[in-house]
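Enquirer: Here are the chains, one letter per residue:
Protein chains: 2
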Amino acid sequence: MSEITCWFDFASNYSYLSVLRLARQQDVIVHWKPFLLGPIFKEQGWDNSPFVLQKDKGDYVWKDMPRECAKYGLPWRQPSAFPRRSILAARVALLGEHQPWIAEFCARVMLANFEHDEDIGNQACIAAILTSIGLDAEALLAAAQSPDNKARLHARSDEARALHIFGAPTFFVGPEMYWGNDRLSDALAYATR
Amino acid sequence: MSEITCWFDFASNYSYLSVLRLARQQDVIVHWKPFLLGPIFKEQGWDNSPFVLQKDKGDYVWKDMPRECAKYGLPWRQPSAFPRRSILAARVALLGEHQPWIAEFCARVMLANFEHDEDIGNQACIAAILTSIGLDAEALLAAAQSPDNKARLHARSDEARALHIFGAPTFFVGPEMYWGNDRLSDALAYATR
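In order, the protein sequences belong to chains A and B. By the count of full-length UniProt numbering, the first sequence reaches residue 193 at its end, each step adding exactly one. By the count of full-length UniProt numbering, the second sequence reaches residue 193 at its end, each step adding exactly one.
Check the hints yourself; a few may be wrong.
Put simply, identical chains are the same to the list, so a pair is met inside one copy or across any two.
[What the hints assert, rightly or not] Derived pair list, reagent style BS3-like, types lysine-lysine, alpha-carbon separation capped at 30 Å:
no. : residue 1 : residue 2
1   : K150      : K71
2   : K71       : K42
3   : K42       : K57
4   : K150      : K42
5   : K55       : K150
6   : K63       : K42
7   : K63       : K150
8   : K42       : K55
9   : K150      : K57
10  : K57       : K71
The hints are simulated quantities; they were obtained by calculation from the structure and are not laboratory data.
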């Protein structure tokens, strides 16, 4: 079976498109790599998303997103806060990386942020999502915030840097890197060649 | 007949893809808008292309380009200098904007830069291109560098700012803005709806 690795940030609107598209894929194994863009952006000297720092680009993105969502048949509501704090969701996703619930969890967090305009930085939001898919929210939230798991998310940032990742989503098929939801079809075509 | 407006910079590698694709289009009227990204980037506080300033992104772009060119059936050689000075080519293109030779001129300048690795900032390079399509190079280069025409290119930058253009290529179909070669198919689909 073909394989693809997907690096994504729950705060990233273009990651939303790719996570939902990949969560639907049946014919490829997805390796989910939740990570935080913040530390990557910080190294560029940016203290926020470029979509906030560059006003014209940011304004454009909110015109681009409804068109993109229509293209892929995905729901869309512009979040009332952007970018949202994604560290808690990323920590939980780290725990689920190799679990059968990972795709569903990622899709639901993304929909909470970009369809339902919910604050995914809020523990109650993540707990509700975990419960909705039949998981023990309390135990997972405690494990997610354990020192060990926090250290794993730090290590994930180092891994991203080592791979020269500069944005999200970013895909790898073997050593081939593809940046952006606009390259997901190419990456999948290469994976299934 | 459907219409699309294409804002592009001869120094921009993703503009290269779009200019060549549009130069082949028979079923849509293209309004060519040569402009300079430099002044737009300067307002962001950037003194060079983001592909130079952001090393990881720049390194990626040179892996992305051969794949993109293969996808669109376009030739590709990574320029030995990037970004090249595009002001002279832009000034000539401004003169040709409403002339039958504009598409061919733009395509040849782009190929000089991104297939033949020629210095399009050099007057001899632009003169050779003009001559190759049967035009009076000497007269056009003189007109291109007249005070009036220089002022027109300045005004073009103001026009780009007024439209909130932040990168190239950028397309308009009526008031709808599309940024990047990755959106050209969507823009064309919308234009011919």
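Enquirer: Run through the hints listed earlier and report the numbers of any the structure violates, in increasing order.
Expert: 1, 2, 7
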